[in-house]
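Sequences listed follow chains A and B, in order.
Under numbering that gives the first Met the number 0, the first residue of the first sequence is numbered 0, with each subsequent residue one higher.
Under numbering that gives the first Met the number 0, the first residue of the second sequence is numbered 0, with each subsequent residue one higher.
It should be emphasised that the hints constitute simulated quantities derived from the structure, not laboratory data.
Same chains, same label: a pair holds when it works inside one copy or across any pair of copies.
Here are the simulated DSSO-like cross-link-like pairs (lysine-lysine), alpha carbons at most 30 Å apart as the crow flies:
(1) Lys376 to Lys300
(2) Lys212 to Lys656
(3) Lys376 to Lys582
(4) Lys662 to Lys212
(5) Lys545 to Lys641
(6) Lys377 to Lys656
(7) Lys570 to Lys52
(8) Lys662 to Lys645
(9) Lys545 to Lys376
(10) Lys656 to Lys545
(11) Lys377 to Lys582
There are 2 protein chains.
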Amino acid sequence: MNDYVIYLAPSLGILGLVVMAFKSAWVVKQDAGDANMQELAGHIADGAMAFLKAEWKVLSIFVLFTAALLAYSGTVHTVNGKEIHSSWVICIAFIVGAVFSATAGYIGMRVATKANVRTTQAARTSLKQALKVSFTGGTVMGLGVAGLAVLGLGGLFIVFLSLFAGLGANQVRTAIEVLTGFSLGAESIALFSRVGGGIYTKAADVGADLVGKVEAGIPEDDVRNPATIADNVGDNVGDVAGMGADLFGSYVATILATMVLGQEIRVNDAFGGMSPILLPMVICGLGIVFSIVGTMLVTIKDDNSSVQNALNVGNWSSMLLTVVASFFVVWWLLPDGPITLRTATFTKWGVFYSIVVGTIVGAIMSVVTEYYTAMGKKPVLSIVRQSSTGHATNIIGGLSVGMKSTVIPILTLAGGIMSSFYFAGLYGVAIAAAGMMATTAMQLAIDAFGPIADNAGGIAEMSQLPPEVRERTDNLDAVGNTTAATGKGFAIASAALTSLALFAAFVGIAGIEHIDIYKANVLAGLFVGGMIPFIFSALCIQAVGKAAMDMVQEVRRQFREIPGIMDYKAKPEYEKCVAISTKASLREMMMPGAIALITPVIVGFTFGPEVLGGLLAGVTVSGVLMGIFQSNAGGAWDNAKKSFEKGVMINEEMVFKGSDSHKASVTGDTVGDPFKDTSGPSMNILIKLMSIVSLVIAPYIAGIVR
Amino acid sequence: MNDYVIYLAPSLGILGLVVMAFKSAWVVKQDAGDANMQELAGHIADGAMAFLKAEWKVLSIFVLFTAALLAYSGTVHTVNGKEIHSSWVICIAFIVGAVFSATAGYIGMRVATKANVRTTQAARTSLKQALKVSFTGGTVMGLGVAGLAVLGLGGLFIVFLSLFAGLGANQVRTAIEVLTGFSLGAESIALFSRVGGGIYTKAADVGADLVGKVEAGIPEDDVRNPATIADNVGDNVGDVAGMGADLFGSYVATILATMVLGQEIRVNDAFGGMSPILLPMVICGLGIVFSIVGTMLVTIKDDNSSVQNALNVGNWSSMLLTVVASFFVVWWLLPDGPITLRTATFTKWGVFYSIVVGTIVGAIMSVVTEYYTAMGKKPVLSIVRQSSTGHATNIIGGLSVGMKSTVIPILTLAGGIMSSFYFAGLYGVAIAAAGMMATTAMQLAIDAFGPIADNAGGIAEMSQLPPEVRERTDNLDAVGNTTAATGKGFAIASAALTSLALFAAFVGIAGIEHIDIYKANVLAGLFVGGMIPFIFSALCIQAVGKAAMDMVQEVRRQFREIPGIMDYKAKPEYEKCVAISTKASLREMMMPGAIALITPVIVGFTFGPEVLGGLLAGVTVSGVLMGIFQSNAGGAWDNAKKSFEKGVMINEEMVFKGSDSHKASVTGDTVGDPFKDTSGPSMNILIKLMSIVSLVIAPYIAGIVR
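Chain A with its partners taken away, still in its complex shape (with noise of 0.2 Å):
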């Protein structure tokens, strides 16, 4: 066996992480700008950090609690007639994850409260400067994410196996079963952190708009508004922090899953028959050096360039190398003859095959949320120009856009579940959703420079810095908005690629044949579990909603009792508005995540595998609708809203903003808010979680049949 190829991956991941240091030490080396600029980056960090803090506080009851119940669980493993507690090993995996998943988001959010001033700075010079700035920022969370999710499951892989060495034919088995706990670790955090971030953002932003555009009239990250700290405190622990998160966790989540069933093939190879468990690690590992590869290419010359092009420059060639290198990998690790997983027969090809069905998938699911959301296309259009007859319209316009963009990405989906499958069975369908997460790095570097950019330009209006600095920001913010929007499609697609690798998975663990979706009990779980994401996302909304008024009170509050305000000759008391979103956000995150890690629980011990199998599939064909839905809905909203802003054609007349639609269509932005910054990008974490909740505990309810 050569034995090197297993430290290939975590290397490929420290590689990332050193990397990573670099650019994050470029960042911080950046001017910072005047003691004014300082001093409100400062208020902003110190919030993101006060709530990361407690926020840590209250996750980390949950995951001594959590790893308690898992180390009681038991299970014993003699080996060289030493007993091993694998329980005691997950358990330690999960807490690993869980650090790991939390240490991810603090990396982002820690260069991103940093890089957010020195883009304003930036700004003041050139648009390009302030792309280099912003979206070094998003590189470094990037690699961090990235770096840390390969290193992790790489590095716990190698313990795990010399931990179980005596195993024998079990070691590999073993190794792999108690790695979940990781990954369980990682996307328990990943969810609150999505979660409680999400409230906290948009109570901030919904709280700030009412009362401070649309009451008082000033306009947005006015210094004025006592909760202007607190949303742009929002954008960082959310948009940031909780992406970075989740992130990981579907990273994790989707790389395990391959391994899982991987750990299934037995192949004659030149690395122990470990080949099909490693492929996933590898092509993820050189993902990241592409992504590398990728951020370099992404520059502009001068302030007429168009920022979304580079970005695509970027994206595009990180994919197509990571491509064109997998045809090498799977060429050197794969073995020459037939594959065989449980009744599928395939080749080395089949799997290349599979893992270019993944990346167009992808790119079909960027192409596509990018068409529904995207400013001048036709579906925002359709909502600027509902907007023209009120509210009530604008809101129905964008439920229909809405619901109408789960159509191709539903079909890409069945298409790519059905091709990779025929390729390389179900295997096949798991290493196309690896292919499509490797290049992450990018994707997060893309994703992330948004809320920075947004920031920075939050910090110009609030240090009343010149306009052509702000136009600079706002230029990288709106294509930040739409870089979102896609990422979210990748994420989402991928939970769907990853779930039935999962379910199989969850099928050989828990030694079932079948998920018989007419058997009376199964159809039952099947609703059941269809109906979650429908209550996760209105607890979810309802927190933002709730939030938000309590925000809006106190703001009202402030503006009445502290009089000077508006002169600005008394600061309001921006750290009361921090402290409402930070206290409503984390109560509001639990219930929905409670409800994601018990019902997996409750169902697989009352009624055992079969109905949980159902449960699962329920989950999963209504959150990735529900995912896609109010994503999308959420950001041709928040376009059709923008497209006010520099003027649009309805009806043959120009119409700006402060227009009766642009009133009309700022509902729908709020609307919109929490679906596409709350519940819609949880929906994928739901899924991965609750099929890593059951696997988990699959071993444990294998016998129970009702």
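Based on these hints, arrange chain B on the given structure of chain A.
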């Protein structure tokens, strides 16, 4: 064999139709008011009839085309040396089903357009009299639908049995297989009527409100509004004719699904082994009798009595009586020994318990729907409160109420499926649905009186009758809103239960063993199926939006170009608005209808029955959820708006009509209109229709595996 039993159900159907004829004659005999009122009512009746004729013209092409396809498919049975082409028989059953469904809608609409003006006239005397006239109108519709359904199914069954008398062992199975054609015809017409009528009524309603109420500032149903006649016509073609066809189709599908499963059961009873097949028909026949009894209990003392209570007494009585009667019917019809269906063995008492389960599920669905949509209850009050912070929070509130309202119904359904299966296997699930639907006549009477009262109010307003008349009709109308919501809850619950029976029947006929979700192709089918309710809803909502905008333009044009409308000096061109609604609804109903009909055919013939099974499961789970979500959100928004009419407390302040909060609530109501009257209630037909199409094509796709 006690042959007479087979004639019992159709005889009860005829009984229902006879009572209907008497009630109808009574309605016609009532005073129709003065010449002005009669003229207005004439406009409404003409508009409704014109729409129905136009719709029938379009649908007859569809019916003939589909009938030709069915006839062409060509299955031949040799009976006593004579060849019988069962495909021809299916074709005829299909046409009869379509005609009966259309007739059911027509009967309802005809009496509704007579009862409306007579209710107005009665409301000049007392609330008691107005309730009597409008509710009798509703009763005519209810008895017409239920009578035709039981007569059609029972009568055709007798005819087909004698037609296939020579087939021996296959006689009953073949008779029931061709009977699916009847259900297919009924359900197709139901879908088009519901969608077409739903688009019509909401386009007119939204259009009339946006220009009339909001822009011109004239009250609802004002005679000066050019769209007001179209609006009132809409109540008849959507809420009466559309709903009648809908419930006719649902009722037939539910009974048929039970018959299909009953046919698989081999019992040694006193009725030639036919008791499990006859049971659902007999119970539904008795349901008609007890509905008649129930309708007689619906009466009030004076203007201060509660109309809701009167309806509840009638409703609960007929349900309770039917349950008691089914105890005796089960005792009498079914044999004493163990009964076996596939893997389940049960007794006749298990069957009875399942009927009880069905009734309880129905009752819980009603209560929960009422809770989520009624004025003064927490959910509607939360929307009212959220209206005080603007349009956006009103929308967020309604969306989250709608999503949350799925939880208890889904848990109830899951519990109902599990427990009725536990009591009597798949047959138990089917008979539970049949038990729930048995009092359809009563349900529909309660449902249909609402739009009649709504119309009566419209006529009172347009004829400028004294305010107490309008008050009385408003009282009836408000109750009608709640009963409309609970009726939808019933319909969707029956769809969920029936779908399992139809799955099971489909699996049997298509000759597959499993519908296994973790197979790649089946999961792909599940995704695509889950997407269909989304695109279907989007198309419906969008159609309403588009048609409403056409209406807005036309109304604005008339106000602009016809001087004197506002001073009552010139009459608006009502018929132009009627024509717009008619044209738009017929055009826009095509696409959603086609999707529902064609998708199962394409998927079935391309990928085979198991993938089609996955598709059906996806449609069912996502359709049930979207149905509950949309209907309840719409109902809650509507009543949140209505709460402002009598004034409501927000933050310790009374808030009334005309306030900003009220305006925000109107936005929600308008968004909710297509939700609750177009897309939401179509979901249950969509689910059943796609299952029935699959059932019809099942024999042809039995061999396909992909």
